[in-house]
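Mind docking chain A on chain Z? Use the hints.
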Amino acid sequence: MKSKNGRRATDPVQDRLAHARDGASTIDRDMVADVVSAVLTTMSGDLTAAETTLLGEVSALGRTIAAAKQEIAALRVDDIMDRDIPFATDELDAIVDHTAVATNAILESCEMLDEVAGTITGDAAARLQDAVTKIYEACSFQDITGQRITKVVTTLKVIEAKVAQIMTTFGVSADPIEKRDATPDDSHAALLNGPQLPSNAMDQSDIDKLLASFG
Amino acid sequence: MPIDKSMNVLIVDDYKTMLRIIRNLLKQIEFNNVEEASDGAEALSKLRTGNFGLVISDWNMAPMTGLQLLQEVRADSKLKHVPFIMITAESKTENVVAAKQAGVSNYIVKPFNAETLKGKIEMVLGHA
Chain Z
1 MKSKNGRRAT DPVQDRLAHA RDGASTIDRD MVADVVSAVL TTMSGDLTAA
51 ETTLLGEVSA LGRTIAAAKQ EIAALRVDDI MDRDIPFATD ELDAIVDHTA
101 VATNAILESC EMLDEVAGTI TGDAAARLQD AVTKIYEACS FQDITGQRIT
151 KVVTTLKVIE AKVAQIMTTF GVSADPIEKR DATPDDSHAA LLNGPQLPSN
201 AMDQSDIDKL LASFG
Chain A
216 MPIDKSMNVL IVDDYKTMLR IIRNLLKQIE FNNVEEASDG AEALSKLRTG
266 NFGLVISDWN MAPMTGLQLL QEVRADSKLK HVPFIMITAE SKTENVVAAK
316 QAGVSNYIVK PFNAETLKGK IEMVLGHA
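Protein sequences appear in the order of chains Z and A.
One point on numbering: in our numbering, the residue at position 15 of the first sequence is 15, and numbering is uninterrupted.
So the number in our numbering is just where the residue sits in the second sequence, counting from 1, plus 215.
Derived from the structure by calculation, the hints contain no laboratory data.
Bear in mind that the values here come from a model prediction, so they are computed numbers and not experimental data.
C-beta: ideal position from N, C-alpha, C; glycine also.
Selected chain Z positions facing chain A (in silico; Cβ < 8 Å):
(1) 100
(2) 194
(3) 202
If we take Cβ atoms under 10 Å as the criterion, some of the chain A residues that face chain Z in the derived model are:
(4) 228
(5) 237
(6) 240
(7) 303
(8) 304
(9) 305
(10) 306
(11) 308
(12) 315
(13) 316
(14) 322
(15) 324
Chain A with its partners taken away, still in its complex shape:
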């Protein structure tokens, strides 16, 4: 099934530079409809009012963390099937397990490369 690259992608990170990096890497693989949020709460309100086909979120953010965002998304009947990739510096086993239990679609550890990002997006959207 070909991936619809015109879908809206929401990227969430409290570091503006990281948002800019991810946006550029997405552009290189032809995802051009990218929206940004700088914490979980802002992301959730954008998700509820918009139409997104993929969420790529950091974990370590305040006031709402990426994990809390993921839990909110999975508990929301309209959003629960949206593919959700966590990109985070958190690399402890319990973090990965917690994200998986909360329903994460895939997990990328920072620092990551463009190839990993591309591979995980294809995997997640291919399964969607």
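In isolation and in its complexed conformation, chain Z is listed as follows:
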């Protein structure tokens, strides 16, 4: 196609060259012919060595991208997006719900014991009260585990968004991805780290010392 256009383009060029040749006899005809020939060669689509190398690199890149697309498709990322991650987050949400229901049931019984403890006196009452208090304290596990699970859910959402981003970049099954928000839910941005793992955490006495250091 290029050469076809190139040939067509030569007619007006030659007309102009002829016009110039008639008007300016001092121009070396061979020199003009060389220049025109060089220009026409480029126009006909011949490539230099550097251009050929570049073209080779670009095609290699294209093949790499095509291979990556195939590999991503083979991973069945749609399954990860549509089934695996939603399944995992639903399971984790269910854990939070179940522990909340169970904790409320424990607390309800505990409140009843508390009430009974109030109707009796002596050592039995004190021991009962003590046991009740320990159950109340232990029930805070629901809050702590709930916050840890929320962190895991947030991490899963980040992974989901990153997978979506990769799929968009490589143009694999673009349709379902466009409906998704590529940035993770940032409604928790103002929130902090949640519970630390026990090995990293400051305990109450560390916090008391830190507060005391303010004077």
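For chain A alone, coordinates are given in the frame of chain Z:
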């Protein structure tokens, strides 16, 4: 100075179970006038319309966090002297420092025990 246990206490947490636990622990130490809020915004509106002698708040809540609530409370001329205890799983140094700078009265890390809660309340109200 004896502590007035008939005062209104506002407890703030987005976990209903935690509100229930704190309410029961407060009841055991004879604080019976306890109101609940499940986030900072609800707490702030209750504080502005009610008469509270103590706030015990979680940090990690949306849309308004416990720290933002504390800042609002300290910036409010009517509320700025109300004792404010933060009870939170956040236990990093910078969290404690940020809460202190915002004017927290005391700081309890979760999971906590009844003894710690009682001790901090006495300390805070004794200083109030």
